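Starting from the structure of chain F, add chain H where the hints point.
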Amino acid sequence: MDFITQHPVLVVSLAKIVGLMFLLMTTLAYLSWFERKVIAHIQSRWGPYYVGAHGLLQPLADGVKFLFKEDLTPPSADRFVYILAPMLALTLALTTLALIPFGPPSVQWLGESTLIVANSSIGLMFVFAITSMGVYGVALAGWSSNSKYPLLGGLRSSAQMISYEVSLTLAVVGVVLLSGTLNFNEMIARQSGPFWHWNIFYAGHGSFPQIVGFLCYFMSAVAETNRAPFDLPEGETELVGGFHTEYSSFKFAMFFMAEYANMITVSCLATILFFGGWLSPFPESWTFLRYLPPASLLVLAVYLAYDTVVLARGIARIQLIVVTTGALLIGLVCLHPVALAVIQGPFWFLLKVGLIMFFYVWTRATLPRLRYDQLMSFGWKFLLPVSLANLVITALVKVWPLLVNHG
Amino acid sequence: MTLPFVVFFVCALLAVLGALTLILAREPIHSALSLILVMVSLAVLYLLLGAEFIAAVQIIVYAGAIMVLFVFVIMLLNAGVEERTDYSQLAKYAGLALGIFLLLALAHWMAHSLIGQQIANGVGASNASVSTRELSAQLFQKYLFPFEATSILILIAILGALVLAKKDE
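Chains as they are written, first to last, in the numbering used here: chain F, 111 to 517; chain H, -19 to 149.
Simulated from the structure, these hints should not be mistaken for lab results. Possibly wrong hints are sitting among the right ones.
[What the hints assert, rightly or not] The calculated DSBU-like cross-link candidates involving lysine-lysine, where the alpha carbons are at most 30 Å apart (straight line), are:
#1 491(F) with 146(H)
#2 122(H) with 258(F)
#3 258(F) with 146(H)
Please read all numbers here as calculations on a predicted model, not as lab measurements.
Bound conformation, chain F alone (with noise of 0.2 Å):
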């Protein structure tokens, strides 16, 4: 006990990372449900639904049968690195996640805000630094392999990541100008108000909207996490599996679970810049929304409830029963006046993740690869120049009031 009263930032600090990786493992697991089950449905199909009720035991199979497949090292790979490889992958893209604020810095536990792990003055510039590092993942992967179809994906995917990295960071130079401040709190702080407020809508005192911003910040985004329809470096048809080819078992669903990871950092921070934050989009005169969390979990619950009764058969019964009283409870939970108070930040913070994680889905199953060259010039004639327009007009927007004073 004393330890606690001595240290209360270590200890809370650690129960923070501790929760965190546990929902966070959680939701990678799932998103992977998430991502078949809406490409299946824009493209008529049911997608996963034999494990359980909308196949919602997938995740778990899918991990159990990561977990018992056969573990293989090619005879010629460089074993450290190769080892190495998806540790780094999957370590750099999950320590990202400890900068992102999920809530408001009022709601406190022994004096240390709770919904961040860690608030550093200049978040923005920590995030940057080690995503700056995940292309080592990807290019370790690709080298140690010793083979010839991941040594072309890794060459490929470092040079693009190298190459749109310049437009992402020059996308998000924009809001900084208008914020002032590197830190993310404060960002959002900056925001407050009704949706109109955010930074992509925000026109008023020497504000530019920042929509083309976001628009660079997204596509670059897109390309920097591998993804459709930038996602060359594991293109099938040319490169087997590119980077990853070598890889089975476990070490390949670390090299899943970091591009979940980092697709969860790009949208939490497209949040942060663009839209708000954990701010509600509403006027805070309209008091009744505080109780959208719970009256949205409890809606889902009796949805839930209807399913069982009606749809689900055998073990699919049971295990919707338990996600509903497991809804419904929660539901009640946050009713309780502390749990309302908490509950609001992340909310509108995780339906606004989860919107912008719909969107990068969206895209995956909609649009076709594009080719090597069309991506470089993209990036680079397309991409690159826009971003630094957005950035000198909104630099000249915020300095213009001063310069007419002067003149």
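Then chain H, alone, in the frame of chain F:
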């Protein structure tokens, strides 16, 4: 023993280990990886001194940009295992002696100079938040000349690379 001290010790050890394997490894990629380890450990040491911005820049510039290019070039050229030539015995022993001398000189300086003592006492450590206003005041007023000179230098380097890479027509 306090927590920052433990973190310092671990990172210092990692930096030294990384530097050693950087020289001793025969595979170019292993050397590059060791160098990345050194850079990241140094960034953590900056962080311990309260220099958050420098730490982030250290990782972005060195580990994230320069070393990525190193690794990229090594992969592209498919560089083989390094070959050793052990012809100069003089360099080996004189180098060892000089290295130890340099280490002692640095240790002496660290123990006696003002900056060294401040670092040892943790005076330099500050948790003041960095605002973009202060940063730009430093970059665009106090250090304007070095900043602009560096950017022109980089521009020249880019032009040089373009001229070299351009195909003959």
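Quick rundown of the hints versus the structure:
Distance check on the hinted pair: residue 491(F) and residue 146(H) sit about 17 Å apart at the alpha-carbon level, within 30 Å; holds. Simply put, residue 122(H) and residue 258(F) have alpha-carbon atoms about 51 Å apart, too far for the 30 Å limit, and the pair is violated. Taking the CA atoms of residue 258(F) and residue 146(H), the gap is near 27 Å; set against the 30 Å cutoff, the hint holds.
Checked against the numbered hints above, the structure violates only hint 2.
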